[in-house]
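Trainee: Chain by chain, the residues:
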Amino acid sequence: MTEQTSDFELVIRPKYGLFDLNWKELKEYHELLFFLALREIKIRYKQTVMGASWAVLQPLFTMVVFTLIFGGLAQMPSEGIPYALFSYSGLLLWIYFQNALTNAGNSLVGNAPLLSKVYMPRIFIPTAPCLAGLADYGIAMTILAVMMVYYQFVPTAAVLLLPAIVFLTLLLAAGVGYWLSSISVKYRDVQFALPFFIQLLMFVSPVIYPTDILSGNLQWLLSLNPLTGLINAHRAVLLGHVPVDYAGLGISAVITIVIFASGVLYLRRTEKYFADLV
Amino acid sequence: MTSRNNKPIIEVKGLSKEYRIGMDRTYKRFTESFTNAVCHPIRTLRENAQPKDTFWALKDINFEVERGEVLGIIGRNGAGKSTLLKILSRITYPTEGEIVMRGRVGSLLEVGTGFHPELTGRENIYFNGAILGMKKREIEDKFDEIIKFSGVEKFLDTPVKRYSSGMNVRLAFSVAAHLDPEILLVDEVLAVGDAEFQKKCLGKMGEVASEGRTVLFVSHNLEAVRRLCPRGILIESGEIILDGSVEQSLEQYLQEGNSRKTEFILKEIPQDAPAWVRRMRVENDSGVPCSSFPVGRPWRVRLFLNVERSETNLSIGIGISKNGFGVGSTWSKPEEYIHGIYEVVLSCHNISLTPGEYSLTVTISSFGGKSFSLRDIIAININPFADIDFSSHRIGYGIIVNPLNIEKIVRVLEHD
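In order, the protein sequence lines correspond to chains A and B. Counted from 1, the first sequence has number 66 at position 66 by this note's numbering; the numbering is strictly sequential. Counted from 1, the second sequence has number 422 at position 144 by this note's numbering; the numbering is strictly sequential.
In case anyone wonders, no lab produced these hints; they're calculated from the structure. Please note that the accuracy of each hint is not assured.
To give a feel for the contact side, a few chain A residues facing chain B, derived at Cβ under 10 angstroms [stated by the list, open to error]:
hint : residue
1    : 10
2    : 13
3    : 31
4    : 43
5    : 111
6    : 114
7    : 153
8    : 198
9    : 201
10   : 203
We treat Cβ as the ideally placed atom computed from N, Cα and C, and that holds for glycine.
Could you put together the complete structure from these sequences and hints?
Mentor: In structure tokens:
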């Protein structure tokens with residue numbers, strides 16, 4: 001047997017400092033994060049007839065209904081582009097965010113056996129569904145590509161910003177997910193509040209309406225919702241129909257990073273007691 | 279060898295863990311406006327942080343484990359064994375104290391954690407391995423070994439929800455058994471699977487221990503603890519009662535195990551019995567009340583007897599039964615007792631019982647008169663830790679297990 005004497009020394013004490021995040025440990029376990037995300041992807045559409053096409057059907061049907069109601073009946077303005085394209089390009093990112101946040105928010109309680117039986121960096125549990133959701137996002141993107149060909153839209157060079165925008169959305173979903181999933185370990189109320197919260201959030205995000213139909217004050221208020229800048233920028237870089245609102249995107253990025261960082265701290269601070277509470 | 283190798287691999291200093299009782303209530307209050315918890319998490323947290331009833335699951339635990347030592351942790355349910363392992367494996371945190379561990383820790387607190395019913399056996403091996411702290415490379419290297427040990431090769435690409443519970447457990451244990459940490463924490467994993475698989479698991483555990491790795495082992499399978507661990511720690515109500523050889527710890531544990539009644543006290547005085555038993559207890563051969571005995575260890579019964587009227591031929595009998603089935607009875611010689619109160623000690627060294635639970639019946643009978651009988655009033659336990667005389671004999675079969683003596687061994691023919 002080869003003697004593997006690691007210079008490892010682990011000290012377990014009642015309290016860690018607030019900022020003791022232990023990055024080394026996260027690095028050591030990083031493979032597990034990908035396993036968790038992979039598991040999430042693999043089990044999502046098991047034993048369904050439609051399989052992964054659900055990833056397309058959800059935004060597609062929502063878009064059709066929205067186009068009939070808001071685009072058709074309500075004559076909602078859409079920044080001068082076809083309403084179907086307008087709403088789908090918003091829904092694409094919105095549905096990613098919605099699913100990622102729902103799954104992240106319920107992840108800790110849903111994986112109670114993992115919390116109480118094995119050790120791993122708990123932060124991976126709500127992070128994994130946010131990563132896994134990217135697969136659905138990618139699949140649903142194909143429909144947008146088809147629509148863009150149909151309506152003859154060509155993305156500009158700004159499309160290079162797309163990965164950054166999606167990444168920020170991931171951080172936002174994860175950050176809010178860290179807060180809510182940690183709280184829900186102790187207060188199950190979160191499970192009831194979350195769907196309701198998400199539903200309301202859609203109406204204060206520019207998914208079905210453009211930001212410019214609002215008056216100045218309301219627009220300013222809306223820009224405090226980090227999704228506003230992200231969804232607008234997502235639409236703009238893909239379709240190139242309006243210039244990218246860098247100021248709005250910047251505000252969103254700052255708010256997102258604050259939410260993410262505080263979520264990480266809150267989760268790392270409370271995680272010691274998850275196993276006792278869950 | 280570096281100098282740090284001489285330090286103990288695990289040091290536990292002043293470890294305590296406090297749990298709050300009634301903690302569950304906090305999330306059951308649906309009537310409390312849920313927006314309160316969302317909008318004012320801090321305030322709500324504070325309100326709930328008011329002092330409540332608490333109890334100490336562990337209190338001031340101190341011990342050290344040397345590299346390569348195999349340590350058994352023994353104790354009743356709720357004694358704090360599992361809490362200790364949970365703290366050592368970082369699942370939960372101590373309230374006070376400190377632990378230093380100088381090696382990679384792997385813990386097996388439950389097999390099959392993270393098994394997903396929809397995933398195939400193959401996928402679950404990778405996933406479960408990763409959860410237990412294995413790297414992808416490690417899992418790949420050991421993959422063949424794992425499936426061979428589990429014996430589910432044929433069903434590797436079937437979702438585990440189609441597995442029988444036995445297959446499930448076998449696969450889960452196989453993954454866990456191939457974990458290669460320097461410190462292995464094991465809790466009750468041997469309580470699963472059929473007898474044959476349990477034997478295989480025990481063998482594997484022994485192998486791990488003999489490779490010089492440090493193992494902390496919690497089990498209710500006392501025989502397994504005794505076989506694997508030279509050292510034993512006995513925990514009771516969150517405190518270490520004894521830290522010594524596994525034999526000492528087990529002996530003490532089984533002594534303490536007298537939660538079974540060792541003494542019987544009669545509540546109702548019987549009418550017109552010539553004599554009756556007011557108190558009865560079982561004790562070991564040095565007179566200490568006890569209810570668990572190693573196979574072959576003598577035990578005796580002490581009776582406090584009220585003799586109502588003088589009898590010339592009074593005989594006392596002890597009946598032994600197992601699961602309602604009579605094993606046998608032994609009787610004392612008829613003797614004369616005059617009216618009064620007696621203390622009687624009865625013993626019988628000629629019968630040895632196999633491990634198990636037995637119940638005792640006492641009967642007092644006078645020649646031609648009425649007899650007095652108390653059925654199944656005390657239970658005794660014969661435990662599998664055989665006494666010296668029995669240690670090399672097999673003790674597993676049937677009820678009676680007196681050793682067979684060989685009178686003579688003669689070699690009659692030389693083999694070519």
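Trainee: Please go over all the hints and tell whether each is borne out by the structure.
Mentor: Status of the hints after comparison with the structure:
1. With a least beta-carbon distance of about 5 angstroms to chain B, the hint placing residue 10 (chain A) at the interface is held under the 10 angstroms criterion.
2. Taking 10 angstroms as the C-beta cut-off, the interface hint given for residue 13 (chain A) holds, the closest approach to chain B being about 5 angstroms.
3. Against a cut-off of 10 angstroms between C-beta atoms, the interface hint on residue 31 (chain A) holds, since the closest Cβ of chain B lies about 6 angstroms away.
4. With a least beta-carbon distance of about 5 angstroms to chain B, the hint placing residue 43 (chain A) at the interface is held under the 10 angstroms criterion.
5. Annotation: residue 111 (chain A) was flagged as interfacial toward chain B, and the flag holds, the nearest CB pair being 8 angstroms apart, inside 10 angstroms.
6. Proximity of residue 114 (chain A) to chain B holds as hinted, the smallest CB-CB distance being about 6 angstroms (cut-off 10 angstroms).
7. A distance limit of 10 angstroms between C-beta atoms decides the matter here; for residue 153 (chain A) the minimum to chain B is near 39 angstroms, and the interface restraint is violated.
8. About 13 angstroms separates the beta-carbon of residue 198 (chain A) from the nearest beta-carbon of chain B, more than 10 angstroms, and the hint is not met.
9. Hint status for residue 201 (chain A) relative to chain B: violated, with the closest Cβ pair at about 13 angstroms, above 10 angstroms.
10. Violation of the interface hint for residue 203 (chain A) is found here, the shortest Cβ-Cβ separation to chain B being roughly 18 angstroms, above the 10 angstroms cut-off.
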